[in-house]
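> The chain contents come next:
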Amino acid sequence: TQLLEQSPQFLSIQEGENLTVYCNSSSVFSSLQWYRQEPGEGPVLLVTVVTGGEVKKLKRLTFQFGDARKDSSLHITAAQPGDTGLYLCAGAAETNFGNEKLTFGTGTRLTIIP
Amino acid sequence: EAQVTQNPRYLITVTGKKLTVTCSQNMNHEYMSWYRQDPGLGLRQIYYSMNVEVTDKGDVPEGYKVSRKEKRNFPLILESPSPNQTSLYFCASGFQEGLAQHFGDGTRLSIL
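One line per chain: the protein sequences are A and B, in this order. The C-terminal position of the first sequence is numbered 118 in this note's numbering, with every residue numbered one higher than the one before it. The C-terminal position of the second sequence is numbered 692 in this note's numbering, with every residue numbered one higher than the one before it.
FYI, nobody ran anything at the bench for these hints, they're computed from the structure. These numbers come from a predicted model, not from an experiment. Accuracy of the hints is not assured; some may be wrong.
As the list claims (entries may be wrong) - Here are the computed distance ranges between Cβ atoms for each label pair: (1) A:Asn103 to B:Asp685: 24 to 34 Å; (2) A:Ala72 to B:Asn653: 33 to 43 Å; (3) A:Thr66 to B:Asn606: 31 to 41 Å; (4) A:Val54 to B:Val594: 25 to 35 Å; (5) B:Lys645 to A:Thr115: 30 to 40 Å; (6) B:Val594 to A:Lys61: 46 to 56 Å; (7) B:Met607 to A:Phe101: 19 to 29 Å; (8) B:Lys651 to A:Pro118: 39 to 49 Å; (9) B:Asn631 to A:Glu98: 14 to 24 Å; (10) B:Gly596 to A:Lys61: 43 to 53 Å.
As the list claims (entries may be wrong) - Over the 10 Å line for every Cβ pair with chain B, so calculated as not near, a few chain A residues: (11) Gln18; (12) Ser30; (13) Gly56; (14) Gly57; (15) Gly70; (16) Ala72; (17) Gly86.
For every residue, glycine included, the Cβ atom is placed at its ideal position computed from N, Cα and C.
Kindly generate the complete structure, drawing on both the sequences and the hints.
Put into structure tokens, the structure is as follows:
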């Protein structure tokens with residue numbers, strides 16, 4: 005089973021600050037997804053990165069896939085209270101049976117203080 | 581509206597009383613799965629289904645059953661619930677497991 009470690013586990017910052025959260029593994033993934041989960045709801049997909057070194061931007065959120073496809077980061081610029089939530093990364097890797105399996109990290113719980 | 585619908589959203593019950601959590605998706609997805617989410621442990625997959633009548637165990641299948649008689653429905657069955665199955669449960673669907681997953685809003689189960 006591939007393991008995905010996310011750091012930090014908890015992060016609380018003031019509105020307007022910048023932050024970066026990390027998703028690390030010793031395994032190689034064919035793609036990596038980032039989700040945001042708000043209280044009382046299920047995770048919602050933010051982005052999928054596929055190519056090593058790939059950078060994707062979603063407004064104030066910047067996602068990067070590591071060159072070796074083992075890690076990823078999420079950078080938020082000028083954080084807003086609406087960014088508060090649990091951020092989950094999920095890596096997809098091929099199994100011995102030829103299908104792809106998705107493994108979720110344990111998440112980073114982000115709180116933006118107004 | 582594309583969605584995954586779980587019912588019930590909340591349930592408090594007692595040890596040994598069989599229960600079923602329903603899940604339905606309207607996106608014609610082949611792949612469906614069940615996860616449980618526990619503090620510090622993240623999302624752990626219970627069972628998954630690649631298509632109708634095709635189901636397989638995930639990482640934590642003990643104490644659970646599933647069925648996939650129709651493409652849109654994937655119920656989770658707890659034949660004899662125990663307190664260690666108290667958790668937040670999510671159903672998800674997608675065209676394949678490695679692709680984007682759509683999650684329901686969760687079912688919070690408390691087994692007393």
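> Determine for every hint whether it applies to the structure shown.
Each hint tested on the structure:
1. Take Asn103 (chain A) and Asp685 (chain B): their Cβ atoms lie about 27 Å apart, and the range 24 to 34 Å holds.
2. Distance hint check for Ala72 (chain A) and Asn653 (chain B): the Cβ-Cβ separation is about 40 Å, which falls inside the suggested range of 33 to 43 Å.
3. Taking 31 to 41 Å as the suggested C-beta distance range, the pair Thr66 (chain A) and Asn606 (chain B) conforms, at roughly 33 Å.
4. For the hinted restraint 25 to 35 Å between Val54 (chain A) and Val594 (chain B), the CB-CB distance of approximately 47 Å leaves it violated.
5. Between Lys645 (chain B) and Thr115 (chain A) the Cβ separation comes to about 38 Å, which falls inside the hinted range of 30 to 40 Å.
6. Restraint check, Val594 (chain B) to Lys61 (chain A): a C-beta distance of roughly 50 Å satisfies the suggested window 46 to 56 Å.
7. Between Met607 (chain B) and Phe101 (chain A) the CB atoms are about 25 Å apart, so this pair conforms to the stated range of 19 to 29 Å.
8. A hinted range of 39 to 49 Å holds for the C-beta pair Lys651 (chain B) and Pro118 (chain A), which are about 45 Å apart.
9. Separated by about 19 Å at the C-beta atoms, Asn631 (chain B) and Glu98 (chain A) satisfy the suggested range of 14 to 24 Å.
10. One distance hint, 43 to 53 Å for the beta-carbon pair Gly596 (chain B) and Lys61 (chain A), holds here, with the actual separation near 52 Å.
11. Separation of Gln18 (chain A) from chain B is adequate, the least Cβ-Cβ distance of about 26 Å exceeding the 10 Å criterion.
12. Annotated as non-interface, Ser30 (chain A) keeps its C-beta farther than 10 Å from every C-beta of chain B; the closest such distance is 17 Å.
13. With 10 Å as the threshold on Cβ separation, the claim that Gly56 (chain A) sits away from chain B holds: the shortest Cβ distance comes to roughly 17 Å.
14. Residue-level check passed: Gly57 (chain A) sits 20 Å from the nearest beta carbon of chain B, beyond 10 Å.
15. Chain B leaves Gly70 (chain A) outside its interface by the beta-carbon criterion, the shortest separation being 18 Å against a cut-off of 10 Å.
16. Distance check for Ala72 (chain A) against chain B: the nearest CB is about 19 Å away, which clears 10 Å, and the non-interface claim stands.
17. No Cβ of chain B comes within 10 Å of the Cβ of Gly86 (chain A); the nearest lies about 19 Å off, and the non-interface call holds.
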